[in-house]
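Line order of the protein sequences matches chains Y and D.
So our numbering is basically just the index in the first sequence, starting at one, shifted up by 1.
So our numbering is basically just the index in the second sequence, starting at one, shifted up by 1.
Honestly, the hints are just simulated from the structure, not real lab data.
Do not rely on the hints blindly, as some may be mistaken.
As the list claims (entries may be wrong) - Incomplete in silico selection of chain Y near chain D, CB under 7 angstroms:
# : residue
1 : 42
2 : 43
3 : 149
Said to hold, decoys possible - Using 27 angstroms as the maximum straight-line C-alpha spacing, the simulated DSS-like pairs for lysine-lysine come out as follows:
#  : chain 1 : residue 1 : chain 2 : residue 2
4  : D       : 34        : Y       : 261
5  : D       : 425       : Y       : 69
6  : Y       : 34        : D       : 312
7  : D       : 318       : Y       : 89
8  : Y       : 74        : D       : 425
9  : D       : 366       : Y       : 323
10 : D       : 132       : Y       : 70
11 : Y       : 34        : D       : 69
12 : Y       : 318       : D       : 70
13 : Y       : 74        : D       : 74
14 : D       : 366       : D       : 207
15 : Y       : 317       : Y       : 327
16 : Y       : 132       : D       : 207
17 : D       : 313       : Y       : 132
18 : Y       : 313       : D       : 70
19 : Y       : 327       : D       : 69
20 : D       : 318       : Y       : 70
21 : D       : 207       : Y       : 318
22 : Y       : 323       : D       : 318
23 : Y       : 74        : D       : 67
24 : D       : 69        : Y       : 74
25 : Y       : 70        : D       : 34
26 : D       : 132       : Y       : 111
27 : D       : 325       : Y       : 69
28 : Y       : 74        : D       : 327
29 : Y       : 91        : D       : 111
30 : D       : 366       : D       : 389
31 : Y       : 19        : D       : 425
32 : D       : 67        : Y       : 67
Stated by the list, open to error - Simulated restraints, written as ranges between beta carbons of each label pair:
#  : chain 1 : residue 1 : chain 2 : residue 2 : range
33 : Y       : 61        : D       : 320       : 51 to 57 angstroms
34 : Y       : 29        : D       : 84        : 37 to 43 angstroms
35 : D       : 84        : Y       : 191       : 44 to 50 angstroms
36 : D       : 327       : Y       : 309       : 51 to 57 angstroms
37 : Y       : 178       : D       : 66        : 40 to 46 angstroms
38 : D       : 66        : Y       : 324       : 15 to 21 angstroms
39 : D       : 33        : Y       : 178       : 42 to 48 angstroms
40 : Y       : 324       : D       : 327       : 50 to 56 angstroms
Note that beta-carbon positions come from the ideal geometry of N, C-alpha and C, so glycine has one too.
There are 2 protein chains.
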Amino acid sequence: MACKKEEDKRSLLGLTVKKEEDLSEWFTQLVQKAQFADYTSVSGCMVLRPNAFQIWENIQQIFNSKIKKTGHKNVYFPLFIPEHLFEKEKEHVEGFEPEVAWITHAGDTKLRERLAVRPTSETIIYESYSKWIRSHRDLPLLLNQWVNIVRWEFKHPRPFLRTREFLWQEGHTVHATKKEALNEALYILSEYVDLVENYLAIPVLKGKKTQGEKFPGAMDTFTMEALMPSGKALQMGTSHMLGQNFSKPFGIKFLSENGKEQFAWQTSWGISTRLIGAIIMVHGDNRGAIIPPRIAEHKLAIIPIVFDKSKKDILKKAREIKEKLKEFNPILDDREIYSPGWKFNEWELKGIPLRLEIGPKDLEKKQVVLVRRDNHARKEVKEENLEKEVQKTLESIQRSLFLKAKKFLKSNIVEVKSKKEFIKAINENKMVLAGFCERGECEESIKSETSATNRLIPFHAQPAKKCIFCGKPAKRKSYFSKAY
Amino acid sequence: MACKKEEDKRSLLGLTVKKEEDLSEWFTQLVQKAQFADYTSVSGCMVLRPNAFQIWENIQQIFNSKIKKTGHKNVYFPLFIPEHLFEKEKEHVEGFEPEVAWITHAGDTKLRERLAVRPTSETIIYESYSKWIRSHRDLPLLLNQWVNIVRWEFKHPRPFLRTREFLWQEGHTVHATKKEALNEALYILSEYVDLVENYLAIPVLKGKKTQGEKFPGAMDTFTMEALMPSGKALQMGTSHMLGQNFSKPFGIKFLSENGKEQFAWQTSWGISTRLIGAIIMVHGDNRGAIIPPRIAEHKLAIIPIVFDKSKKDILKKAREIKEKLKEFNPILDDREIYSPGWKFNEWELKGIPLRLEIGPKDLEKKQVVLVRRDNHARKEVKEENLEKEVQKTLESIQRSLFLKAKKFLKSNIVEVKSKKEFIKAINENKMVLAGFCERGECEESIKSETSATNRLIPFHAQPAKKCIFCGKPAKRKSYFSKAY
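Go ahead and model the full structure; you've got the sequences and the hints to work with.
Put into structure tokens, the structure is as follows:
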């Protein structure tokens with residue numbers, strides 16, 4: 002009897018809008034109803050609930066294992082940055098100061114100097130680096146931290162994509178030569194791309210930011226950008242070649258092998274919890290989220306289809322299967338107060354990649370039913386083939402999600418030949434490829450006239466003769482779109 | 002030639018005071034010279050460098066695996082707490098407000114309401130819990146987060162033991178009954194004790210805080226306390242039975258199975274990076290730190306003893322051994338600019354539990370030399386027995402460190418029969434066991450007259466007839482000492 006009541010409540014739990022009709026509302030509902038995140042009474046700050054945080058833990062584990070293999074180590078630097086230190090690099094402070102949250106008081110005491118809550122940690126970290134680095138033997142220095150960041154933006158907040166506090170990792174490395182630093186910045190971007198494409202199943206465009214869009218204080222910023230279903234780009238991670246822009250004001254110097262004092266070369270790089278938002282937005286459908294198997298904490302949910310007569314045997318078998326499939330960390334949903342249908346909906350909403358059903362007939366036939374989250378395909382699988390089938394199906398889901406997103410990206414790139422076509426394509430929410438002069442002035446006009454920004458100059462850019470927007474000479478084509 | 006120069010620098014890197022002569026200076030030097038932590042220009046805030054942070058990562062991994070097995074999940078709640086929310090539980094706000102760092106401005110904008118930087122997260126978390134919990138089916142709710150915490154103390158800071166920012170985990174659970182909540186609080190304490198005694202090799206006293214020493218807002222606080230070489234106690238972790246003290250002001254209510262609305266029962270509990278300080282202080286000696294093997298990132302350092310003639314063969318063998326012992330994550334120190342002696346000192350300073358030396362004679366005899374960090378015992382080991390010997394030796398080091406610390410704790414507990422003996426023992430930096438009336442007034446007198454505090458009432462306390470300090474009736478004996 003409980004079942005009927007519960008079924009009635011289902012509509013409250015499901016999504017009431019379609020992804021293709023109102024993406025923004027669909028996303029906000031999904032994030033809350035599938036319990037990825039929730040709003041709090043701190044404006045613009047969210048709770049990351051277990052369904053989201055376990056994705057973050059998996060991202061941490063994957064990325065840590067990559068960078069630890071190449072000699073990077075994790076550390077923790079203070080949350081606060083004294084105002085005088087924060088202001089040491091001019092472009093940097095101008096870029097971040099408008100969004101800084103300031104500590105002015107501790108208890109009843111007014112502090113002598115205000116403290117910035119880190120919007121990024123270059124300045125507090127490089128003060129220590131200037132003490133620690135003396136000789137070429139101290140290089141390279143390859144450190145990383147996983148921390149919370151505060152940027153008090155006044156734009157409309159959006160779960161994961163734009164919040165005033167978020168979690169990220171920030172790597173900060175120091176090298177003896179320009180070449181080594183550049184190699185590091187590019188190496189890290191390649192690891193970011195591997196993480197995002199091969200685990201999160203999100204294809205990206207890769208390249209360099211224009212001087213107007215680069216990180217404040219960097220010499221060059223390398224980036225990967227994904228295209229969201231809205232046609233807006235999402236910056237998925239950036240890796241900065243800092244050159245000597247920080248080592249000079251911070252005095253990060255070393256004695257080279259031949260005894261000469263030199264300024265060091267640096268990089269910094271980061272990815273954040275916005276990646277979780279990208280997963281939800283790119284892969285989700287009208288039933289809920291779809292978490293790519295390689296990043297999902299639980300790869301499948303086992304739902305016993307229970308009738309009074311066979312209940313004991315079914316539950317016993319379900320537990321056996323759970324044990325057998327433990328490498329996939331399955332959820333066994335044996336709650337008695339919910340119907341199978343209710344459970345199907347719940348795990349679909351939360352995005353578990355695969356469902357395993359087992360009922361009395363399956364028990365007889367020594368089989369189970371696998372249902373894919375991505376295309377809802379059902380398949381009867383003999384028990385003896387189960388582990389292999391689950392593995393194969395998960396791999397197929399992973400691949401399908403990536404290919405689907407890749408197709409979307411490709412089919413939404415438009416190469417334009419004129420300013421008119423440029424504006425039309427941006428208005429149609431496309432990712433636009435266009436010859437561009439790369440002058441700051443022209444970049445500013447594009448921004449104000451079209452609301453699009455330059456997303457990146459691809460690594461192997463096609464040559465171009467003139468700028469589609471201003472007509473001046475251009476060397477190469479680059480990408481423009483609206484962005485989050 | 003480089004070697005000689007390097008050797009000269011050694012005294013700069015080593016400790017210049019003895020642990021038994023000036024513990025405080027020894028600790029401060031060790032923390033910095035072994036690169037566990039460093040000061041920053043933010044007063045009272047430290048950098049946790051890789052040598053310390055990897056211990057923290059291991060603690061996280063061990064504790065996560067314990068609590069995830071029992072159904073706890075990790076989350077992330079905002080760093081900031083609006084002032085009105087922070088003030089919702091009276092005892093709680095009184096306990097923490099004097100140390101709160103306040104955000105008043107973002108960019109140039111003055112905030113309408115001040116935001117507290119979390120000194121602990123009960124209030125911001127329980128606001129969400131009051132929204133999420135509706136029915137007995139939502140219980141128990143078992144969440145935990147690993148975050149940074151700010152408490153702007155004005156006492157003298159000490160690396161790891163008292164810093165204005167530190168890292169911790171805080172668990173926050175909600176239960177349907179008082180009994181379940183009490184069981185949870187006690188279960189977590191038992192996991193803390195297992196972590197600290199069996200991994201960190203630090204013996205603790207276990208019990209309950211007095212009403213005067215409990216967590217502000219708790220019904221009861223359970224604690225484990227270790228004795229530092231100074232004779233001061235260090236609180237190593239606490240687990241609070243919150244009762245309904247927060248569920249009432251925050252409105253955390255649920256419908257019970259028989260349809261009655263009830264206030265929930267709660268716990269909260271935490272351990273912090275101060276544990277790293279305890280490891281260094283308890284186990285270290287005059288050569289440096291000693292990291293217990295079960296918590297050490299690298300269990301051994303391999304030092305090839307290289308002469309020109311045999312260099313190639315020795316290095317080849319050293320790499321072979323590194324591969325063979327990879328489950329112990331060894332460091333192979335094949336740097337050519339340092340002498341073996343220099344390397345011995347460096348890894349002793351940093352506390353690597355075991356050293357493996359291999360020189361030309363060892364190569365001939367198909368053996369290596371193992372040197373224990375704790376007692377410096379050397380042992381020649383045949384290559385064929387290496388893995389087994391390393392495992393055995395590490396276990397023996399782990400056990401020895403614990404037993405040595407246990408002996409110290411036991412021999413520094415003094416049971417007293419009079420106020421005079423009490424004061425004398427406290428002055429001699431002992432852990433004092435005494436009959437105590439448990440009246441707040443008497444507790445205050447003891448604090449002001451002796452500078453000792455009540456550390457805990459043991460779980461199976463011995464009965465007592467009267468209070469050693471005031472002479473009034475007492476039920477049981479409890480522990481007093483000075484504390485960090």
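(message) For residue 366 (chain D) and residue 389 (chain D), compute the direct alpha-carbon distance and say whether it is at most 27 angstroms.
(response) At roughly 18 angstroms apart (the allowed maximum being 27 angstroms), residue 389 (chain D) and residue 366 (chain D) satisfy the hint.
(request) Would you mind confirming whether the straight-line C-alpha gap from residue 34 (chain D) to residue 261 (chain Y) stays at or under 27 angstroms? (result) holds, 26 angstroms
(request) Below or equal to 27 angstroms on CA atoms is what counts here, so check residue 67 (chain D) against residue 67 (chain Y). (result) holds, 25 angstroms
(request) Assess, step by step, whether the Cα of residue 132 (chain D) is no farther than 27 angstroms from the Cα of residue 70 (chain Y), and give holds or violated. (result) violated, 43 angstroms
(message) What's the verdict on residue 366 (chain D) and residue 207 (chain D), does the C-alpha distance respect the 27 angstroms limit or exceed it?
(response) violated, 50 angstroms
(request) Mind checking the alpha carbons of residue 325 (chain D) and residue 69 (chain Y) for me, to see if they're no more than 27 angstroms apart? (result) holds, 20 angstroms
(request) Please work out if residue 313 (chain D) and residue 132 (chain Y) have their alpha carbons no farther apart than 27 angstroms. (result) Violated - the C-alpha atoms of residue 132 (chain Y) and residue 313 (chain D) are around 36 angstroms apart, more than 27 angstroms.
(request) Sort out whether residue 70 (chain D) lies within 27 angstroms of residue 318 (chain Y), counting only the CA atoms. (result) With Cα atoms ~22 angstroms apart, residue 318 (chain Y) and residue 70 (chain D) stay inside 27 angstroms; holds.
(request) Decide if the proposed pair is consistent with the structure: residue 74 (chain Y) and residue 327 (chain D), CA atoms, cutoff 27 angstroms inclusive. (result) Distance ~18 angstroms between residue 74 (chain Y) and residue 327 (chain D) Cα, so the pair holds.
(request) Starting from the range 37 to 43 angstroms, see whether the pair residue 29 (chain Y) and residue 84 (chain D) falls in it by beta-carbon distance. (result) violated, 28 angstroms
(request) With a cut-off of 7 angstroms on the beta carbons, see whether residue 43 (chain Y) makes it to chain D. (result) holds, 5 angstroms
(request) Compare the distance between the alpha carbons of residue 318 (chain D) and residue 89 (chain Y) with 27 angstroms, and conclude whether the hinted pair is satisfied. (result) It is violated: about 50 angstroms lies between the C-alpha atoms, which goes past 27 angstroms.
Consistency note: the structure conflicts with the earlier hints numbered 5, 6, 7, 8, 9, 10, 14, 16, 17, 21, 22, 26, 31, 33, 34, 39 and 40.
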